[in-house]
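S.K.: Sequence:
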Amino acid sequence: MLIVNRKNSKIINTPHGSEIRPLVDRTTSPINQCSLAEELLPPGATVPPHHHEVLEEVYYILEGKGLMTVGDEQREVGAGDAVYIPRQHRHTLTNTGSEPMRILLVCGPAFFYEDHRIEK
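Okay, so the sequence shown: first residue is 31 according to the numbering used here, each after it adds one.
Hints were generated in silico from the structure; no laboratory data involved.
Treat each hint with caution, since some may be false.
As the list claims (entries may be wrong) - Cβ pair distances, simulated, as ranges: (1) Thr126 to Ile61: 28 to 36 Å; (2) Glu49 to Gly108: 15 to 23 Å; (3) Asn35 to Gly101: 30 to 38 Å; (4) Met31 to Gly101: 32 to 40 Å; (5) Ala112 to His46: 18 to 26 Å.
Here a beta-carbon is modelled for each residue, glycine too, at the ideal position from N, C-alpha and C.
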């Protein structure tokens, strides 16, 4: 059995100001079919537009509110919302609230950096 507590997980600081904590992914376990991470997105910060060639992704918002864009569609999102992001779809998220957004990131197959494609 593998248990990873967020308090003991490595923190990855992104260029856009987020803190990402890989919980169960290729860096913490032998998993390869899916992965789970937590992201803290500060107020006013935006996840840069990007897409994945191979991965499907789900953003599950635990706390906060923001503006999510997937492809050409843009919607307000908040705590309790799960957003499905199909592979090869450009996506971004902006925290429009006054508090950090806490988001669970679920990927299948498991996240790998080579599949993360930043767009302009």
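S.K.: Run every hint past the structure and note whether it holds.
M.R.: For each hint, the structure was consulted:
no.	hint	result
1	Thr126 to Ile61: 28 to 36 Å	holds (33 Å)
2	Glu49 to Gly108: 15 to 23 Å	holds (20 Å)
3	Asn35 to Gly101: 30 to 38 Å	holds (35 Å)
4	Met31 to Gly101: 32 to 40 Å	holds (39 Å)
5	Ala112 to His46: 18 to 26 Å	holds (22 Å)
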